[in-house]
Amino acid sequence: MASASQGNNATAAQIARQLTVSEKTSAASEKEASVRFEISDLNFYYGTKQAVFGLNLKIPRNKVTALIGPSGCGKSTFLRTLNRMNETIRNTRVEGQVLLDGQHILRMDVVKLRRRVGMVFQRPNPFPKSIYDNVAYGLRINGYQGRLADLVEHSLKRAALWDEVKDSLHKSAFALSGGQQQRLCIARALAVDPEVLLLDEPCSALDPVTTAKIEELMFHLKDSCTMVIVTHNMQQAARASDFTAFMLDGKLIEHNETSKLFTTPQDPRTEAYITGRFG
Amino acid sequence: MNRGRLLWRKSLNVVMLTLTGLSAFGVVSILFLILGYLIWNGGRSLNLDFFTQLPKPVGETGGGMANAIVGSLKLLLLAALMGLPVGLLAGIYLAEFGGKFFSFVIRYTTDLLNGVPSIVIGIFAYSLVVLPVKHFSTLAGGVALGIMVIPITVRASEEFLRSIPGSLREGAMALGASKWRTIATVILPAASGGIITGMLLALARVAGETAPLLFTAFSNRFWSPGWSQPIASLPVMIYTYAIAPYDDWHRQAWAAGLILLGLVLLANVGCRLVLNRGGVSRSI
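Which chain is which? The protein sequence lines are V and C, in order.
The numbers in my numbering rise by one with no breaks, and the one at position 197 of the first sequence is 197.
Add 279 to the 1-based position in the second sequence for my numbering, that's all there is to it.
For the record, the hints were derived by calculation from the structure and aren't laboratory data.
Glycine residues also receive a C-beta, built at the ideal position from the N, C-alpha and C atoms.
Take these hints with a grain of salt, some might be off.
Stated by the list, open to error - The following residues of chain V were derived to be distant from chain C, with all beta-carbon distances above 12 Å: (1) E38; (2) K58; (3) R61; (4) N83; (5) R107; (6) V120; (7) N134; (8) D167; (9) L206.
Claimed, not checked - DSSO-like cross-link-like pairs, simulated, lysine-lysine; straight-line CA separation at most 30 Å: (10) K112(V) x K458(C); (11) K171(V) x K458(C); (12) K458(C) x K49(V); (13) K129(V) x K458(C); (14) K129(V) x K157(V); (15) K49(V) x K413(C).
What the hints assert, rightly or not - Where chain C lies over chain V, by a calculated footprint (3+ residues, C-beta under 8 Å): (16) 41-53; (17) 95-104.
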C-alpha cells in the first residue's frame with residue numbers, strides 16, 4: 001500500500017513535468033486556437049448519485065475526439081450533456097459550464113442546440129418510415145424551406161449510403177441491414193448540417209467490415225464536422241480519432257493527442273487501461 | 280413395488296392429460312356451439328328483409344331490423360366520438376408524460392372504471408342525460424357506451440405506446456424535435472396499428488352491451504331521426520324479441536344475435552390480422 005502510493009507520487013512529478021511540456025507544444029500549434037466545445041468544472045448528477053466529477057476539456061474543431069474508459073465511467077453521460085439529451089431523464093442535474101463556440105449551451109434554446117449538435121446512438125434507431133422520410137425528418141421539423149430531395153441525396157452521399165439506397169428511397173428503413181441503418185442514422189443527423197456530431201458507441205452493434213465503413217466515413221466528415229465518439233474499442237479510438245480522453249469513475253484522467261496517449265500515456269491508470277490490465 | 284409406483288405415475292399422467300385436454304376442448308367447443316346454434320336458428324330467418332325492413336306490428340310475420348342495425352351503428356359512432364379521443368389522449372399522458380404517483384392513480388382508477396358493472400354506467404348516463412330532458416335518446420345511449428369505451432382505449436393506447444422503444448424518442452429529440460412533436464410524428468405513427476386495434480376491440484366489446492341501453496337509448500320500432508329520440512339497437516332488440524311469446528320474433532332474435540356476433544368476430548379477427556402484420560415491422 002505504502003509503496004504503491006510512493007510509486008504514484010514519483011510518477012505524479014513526471015506527469016506534471018510532461019503535462020507542462022505537452023501543454024506548451026499544443027498551445028504552440030494552431031489547434032488550440034480553434035476550440036469547438038469548452039467544458040469547465042462539469043458535474044453531473046443522477047438524483048443524488050454523481051456521475052461526472054469536475055470535468056475540464058477542450059474539444060478541437062473539425063477533429064475526432066474519442067472518449068474511452070471502462071463501462072459506467074460516465075463517458076456516455078458526459079457525451080449526452082453536450083446536446084443536453086440528459087434533460088430527458090428525470091431527476092438529473094448538471095453544474096458547470098459548457099461553451100459551444102463561446103456560447104453557454106445551458107442558456108441556449110435546446111432545439112437550436114440539438115440542430116447544431118447532432119447525435120448517433122449505440123443501436124441504429126431509424127424511424128418506422130421510408131429511407132427518404134428518415135433523412136428528411138430533421139429538415140421538416142426545423143421548417144426547412146427548399147428542395148428536400150436535394151438535401152436528402154446530399155446527406156445520404158455524405159453518409160456513404162447513397163449508392164446502396166438510391167433506387168429504394170421510399171422503402172421502409174427497416175429493410176436495411178444493421179450497418180446501413182446506422183449510416184442512415186448518420187445521414188439523418190447530417191441532414192440538418194450540424195457543426196458537431198456526437199457518436200455514442202456507433203459501431204458496437206456492427207461487424208468489422210461495416211465498422212471500417214463508418215470509420216472511413218468519419219474520416220471524410222472531418223472537413224466539415226467536429227466529432228466526439230464514445231467507444232469501448234481501443235483499436236477504434238487509436239485508428240479513428242485525433243484526440244483521446246480517458247475517463248475513470250466520472251473523472252477525466254488524461255486527454256491528449258491520440259498518438260501520444262496510446263504510445264506514451266502519462267497516467268499509470270491510463271496505461272493500465274490501454275494495455276488491458278483492467279476494464 | 281417400484282413397478283406399482285411407475286404404473287401409478289403413468290396413469291396419473293394420463294388422467295391429468297385427459298382432464299386438461301378435455302377442458303381446453305370444452306373452451307373451444309363453447310364458442311363453436313354458440314356459433315353453430317346461432318347459425319342453425321338464425322341463419323334460416325336471415326333474408327334481405329331483415330336488413331332492409333322495419334319491424335312489423337305485433338301479429339304480422341316478416342319484417343326486419345334495419346332500424347336496429349343503423350341504430351347500433353349510430354350509438355357506436357357516438358361512443359367512438361366521445362370515448363376514443365379522451366381514451367387516446369389519456370393513454371398518451373400515461374405513457375409519455377405522467378409522473379409515478381399520478382400515473383398510478385390514473386391507471387388504478389381506469390381499471391376500476393373498467394370493472395364498473397355496465398348497468399351502473401347505464402344508471403349514471405340515465406341520471407346525467409335522460410332525467411334532465413325527461414326522455415330517452417340516442418345521445419344518452421352514446422354517452423353510456425362512450426364511458427365504457429374509455430378505460431379499454433386508455434390501457435390499449437398506453438400499452439402500445441410503451442412498446443415503442445425509447446431509442447426512437449431519443450432519435451427524434453436529438454434532431455431537435457420537441458416532446459409533443461416527437462410523439463405526434465414518430466411515436467404515434469409507429470404505434471398506430473396497435474392503437475387502432477385496441478380501439479376497434481373496445482368498440483366491439485360495447486357493441487354487445489344491452490343493460491346500459493335499456494334505460495338510456497331505450498328502443499324504437501321505427502326509424503329514429505336525429506340524436507334526441509329513443510333508438511333501437513341490436514342487443515336490446517334481441518332482448519325484447521327473445522322474451523316475446525311469438526315464434527317469428529324468436530327466429531328474428533336468433534338472426535339478430537348472429538349478425539351481432541358476426542360483427543364482433545369480424546372486428547376481432549380483423550384486428551388480429553392487422554396486429555400480426557404490424558408486429559413484424561415492430562419487432563425488427
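Unsatisfied constraints (hint numbers, rising): Structure breaks hints 4, 6, 7, 15, 16 and 17.
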